[in-house]
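Peer 1: Once you've looked at the hints, go ahead and assemble the two chains, each given alone in its own frame, into the complex.
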Amino acid sequence: MQPAPPSRQQGAESRKPTIVSILVGRDTRLLVQGITGREATFHTGQMIEYGTPVVSGVTPGRGGSSVHGVPVFNTVADAVAETGANVSIIFVPAPFAPDAILEAVDSGIPLVICISENIPALDMVKVRAHVAARASRLIGPNCPGLITPGEAKIGIMPGYIHQRGRVGLVSRSGTLTYEVVWALTQAGLGQTTAVGIGGDPIIGTSFIDVLAMFEDDPETEGIVMIGEIGGSEEEKAAAFIREHVSKPVAGFIAGQTAPPGKRMGHAGAIISGGTGAAADKIAALRAAGVEVADSPAGVADILKARLN
Amino acid sequence: MNIHEYQAAELLANYGIPVNAGIVVSDPSGASRAFERVAGAAGRVVLKAQVHSGGRGKAGGIKLAGSPHDAQAAAEQILGMDIRGHTVRKLLVAPAVEIGREYYLGIILDREKRGITLMASAEGGVDIEEVARNTPERIIKVTADPLLGLLDYQARSIAFSLGIEPPLVGGFTSIAKALYAAFVGSDATLAEINPLVLTKDDRWLALDSKMSLDDSALPRHKDFERLRDLDEENATELRAKANGISFVKLDGNIGCVVNGAGLAMATMDAVKLYGGEPANFLDVGGGASVEQVTLALELVLADPGVRAILFNIFGGITRCDIVAKGIIEARKRVDVGVPMVIRLVGTNQDEGRRILGDAGLSSFETMRDAARAAVEAARG
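These protein sequence lines map, in sequence, to chains V and F.
All residue numbers in the first sequence are consecutive under this note's numbering, ending with 398.
All residue numbers in the second sequence are consecutive under this note's numbering, ending with 1445.
If we strip away everything but chain F, and leave its shape as in the complex, we get (with noise of 0.2 Å):
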């Protein structure tokens, strides 16, 4: 799960990493009201869109304002714009700070080493993802053992590899050691500040956080749900997960029903390398009960521009009868409207597709036939 800047912000305040605070507002004069209680002696403050998304400021999602009235101004145009297919809704107002230098600092969790790894980098403020593929040496890693925990060395190693001078490095180590903590603390995939700031007066600052959350954890940090913003997110995969199926929105106009995950990879693969576009990933998950089946038809159709359907059920420990029948009573549940094209194979198949024949429905053996006669339906 992905959250919001000023929610990382906060998580990373609760173990006492300096953020710089702001307000949020939904409306332009909420931003000028929030720029008289920011801007405080600088007399300026910046306006940042909350988007789950990057690239905020070179979309010009993030301003400076000098006033009430500029604060204002530049949250009409910052509200309600379009960032990468994200709606802005929310600003925060900060007040705007005189950075002396820029640093990142971020931990992630890392599948190459099957362990936690921060990554530093004295290149702060900018794309790190560029960072790493341009000049990869300006970045500094180090691996923690997860059963010790990030050590005070590494911290200090990293802070001297930085370049950071001696009466700095303890405010910096701090400060990755509580980031270390945060992330394991709230089961997070990705911590990351940048900038991490060292102000013009030497104070250690985290300017702007991002944090993604592990969806296996949630269960164990209910108070994380609150953190979910419904307008970020897809209805139907909320829909689908809250019952137990994996669904992902995509483009293409061939609705696909599939059992298991990495089959129904294979099955969107199919039908584009057979001339069409899948409309969604779905995984119907282990029983394909009439349940499940109906509630996938109605999570695919929920898609105006769903053409024709493709089911690709393998029948393990599932019967093939059992999923034929469930289809047929989830037709009679749900008004499908467009072709369904079907491939069941597996345990009691003969059965299965005698059943599905009877209701006047083909199916077909193999993968390649069925996305073929997928394609074909959706062009009509």
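Chain V extracted, bound-state conformation (with noise of 0.2 Å):
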């Protein structure tokens, strides 16, 4: 797979390889780190059943065995320059995850997707720096994954809520995210792609990045973007929405009723120093033109009417 040129040069890491339909789909070959362990183990066989081609697994010291007939190899080098992974996919426990991160981005995998949860927030910045001063992308940490209906589904969510369509989804959640598809599943609106960014302090992929994917993608009509509590992603979100996104997005921002410094389960979900309260998301957003419902199912009725 060669990395998608950039198009644009308004996201901040517009140079790195997009991951919408076009990236992720039928050129993908995926690698599945940690995966002898009992969640990889059992998500891998999802992703298999759902048709993603799975081509390599990676747990140090188990290389030469398999799991669900795919090989397993030490190192990601070996698994690269053997099968031709160009997507990784991390279900490494917290402590191991951030090497796991690395050991990807420096076998020049492309794509990353870090499932993994309870990664220090100080072992997410360095990682970071060093991805940033990179080619590859990477997606999470503690996100459900992404998908491209039909085509390829790289994460945990359940595939079958899911159906091909013209709504792109950026969230920062994952149980909320497959209510608001199912919703948009059940009102007809299928989806290019559903990507998670996760819900820790520090990500890989922005709202932004993302959104700019969205816009450019001649596939995507709509756009749905699913915020929370904690941080100023999604007022800069909305900054970028006003500037440079042309088509229908929907929001909605979980949290309204969360109380100041208190952590809402994500580590990221937090109101704190005046900064990260959901009423001035809504605001930020609906000033840039997006409609906030005012539940998640509220999103596929907002889209339903502007794109019909």
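Hints in this document: simulated from the structure, not taken from any laboratory.
Among these hints, one or two may not hold up.
[Unchecked claim] Cut-off 27 Å, straight-line C-alpha distance, at most; resulting in silico cross-link-like pairs (DSS-like, lysine-lysine):
id, chain 1, residue 1, chain 2, residue 2
1, F, Lys-1123, V, Lys-216
2, V, Lys-326, F, Lys-1178
3, F, Lys-1155, V, Lys-352
4, V, Lys-352, F, Lys-1178
5, V, Lys-326, F, Lys-1206
6, V, Lys-352, F, Lys-1123
7, F, Lys-1178, V, Lys-216
Peer 2: Dropping the structure here:
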């Protein structure tokens, strides 16, 4: 797979490979890092069942074995050399996940998706600085992965709730994303790609990165953005949408009733020092022309009206 | 995890930062004895409430004392005081210091910059968030390259921007670098010295310190568990955490049991949207096994104010029929006593709802209908 050429300059990391349906799809050759772990083995089976081309796995010390018929290697470099893997998904436990990300990036894998949760924030600050200086794109950590319905499922989401269509979805959450996808599918709105960017304070790919890809993707006609309390990425995304996104965007922000100073499950979902409140994010999005729903299912109603 | 001022000072002292060391006491007579040991030549001490909250000064939780008797009297006033919902159980008794100048020096995990940012201001000793709001130009910010760390020139530039005289710059930069080392070494998300003072005899001294530690990094800092103050934390929240459940106590009366953090927040919001008040945030985690659901019910019901329980489960990888069986089994183990409203959707939802129906439990298809029903049920 060749990384797609950059098509716009606004995104913070626009020179990096795009990941929407043009990239995850028929050319994808997936590597599963930590493949012999319980969760990874289960989800490898699920991904294969969905039709994702899983070509190899890595677990240090378990090279030579296989999982669901997928060959396991000791190092990412070996897996790349032997199987041509060009996307990696990481299920490695938090203490070893930063090293796994760096191994994938240093082995030249252009797209790395990290599912692992509870990685120390300062580890991610370092990892992100390293990744930023290289050509790879990191999605996550603490994310459900991404799916291009009917082509490839690279993550832990239930595949069957998705349907191929014309809506691009980007979210910081997991089950809340499934909820919205389900509502979209039931409303007859299929998806081009659904991307979970992760619930941690420091993540590899931002809303803006994915919004730019959806704006450029000819298949995507409408966009859903699911945010939540904590940080100011939604506000930055709103400013980006106002300037650079011509397609209709529907949004939902979770955590309007969350108290300040309390971490709401996700490490990144915390209102602190006066930033991160849901009301501010909703106001910023509305000011940028985004229709913000008062319930997750409401985004389907909004897009249905806007696209028909 | 938040820690007390005196604990933060201990951590910072380990990195070579000069702190105003004192003695921690928990009763008034202890304050009197502490006076004898720390008052020194100046003959005065400061008594400071140790709670996980700001606004201690305004609340009267910080007092000066010039004699053992005064220290005891001040301690009597402060101990047991309520500061923003935190009961004062401990006091730090430290020497009173002749302050020349006050600065602010802090380091944060900077989500915006995705890095580590130092902040400094010549407006020390006041609420820095207020300074940031009203006069942001008075805060100097420098973001370190996480792979290189805080560089000498960066620390120096802060010092010069603050107007610190050349002979004193070296002392400042060594404190800034030590604070950075402490931040990184402790996996902090916040480390601040406010005020960092220059005493009348030109000595640098960290007069007050505050640190928050990254929960995700605690597994590699086993020694930090001793810093946890159980009096400052909600027992139910701790029990939840020990069992892989995220739980946050709120003030309403509708208990929520949800799988997934984002969906759990959205569920609370839905309760509020339809006129109710959520009693808690609860993410039961991925599996929603019988054990997890049982514990979740126990956690929610630990709050006697709960009038109804709203389950919102999206069965993705987890099948709805398994979740339904889990709810029924959990209900046998826990004396629920309040109405349960269940919304179950996703994989095998029809089978799941049939199982619930057979057990006399109604279930809903949409979050909206379930939230409305829960609000209704809580009104009784």
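Peer 1: Next step is simple, just say for each hint if it's right about the structure.
Peer 2: Each hint, compared with the structure:
A C-alpha spacing of about 39 Å is found between Lys-1123/F and Lys-216/V, which places the hinted pair above 27 Å, so the restraint is violated. The hinted pair formed by Lys-326/V and Lys-1178/F meets the criterion: a straight-line CA distance of about 12 Å does not exceed 27 Å. Restraint check for Lys-1155/F and Lys-352/V: satisfied, since their Cα atoms lie roughly 23 Å apart, inside the 27 Å limit. Between the alpha carbons of Lys-352/V and Lys-1178/F the distance comes to roughly 22 Å, so the proposed pair stays at or under 27 Å and holds.
The hinted pair formed by Lys-326/V and Lys-1206/F meets the criterion: a straight-line CA distance of about 20 Å does not exceed 27 Å. Proximity of Lys-352/V to Lys-1123/F is assessed by CA-CA distance (about 23 Å); at most 27 Å being required, the pair is judged to hold. Note on Lys-1178/F and Lys-216/V: the hinted pairing holds, with a Cα-Cα distance of about 12 Å set against a maximum of 27 Å.
Hint 1 from the list above is the single one not met by this structure.
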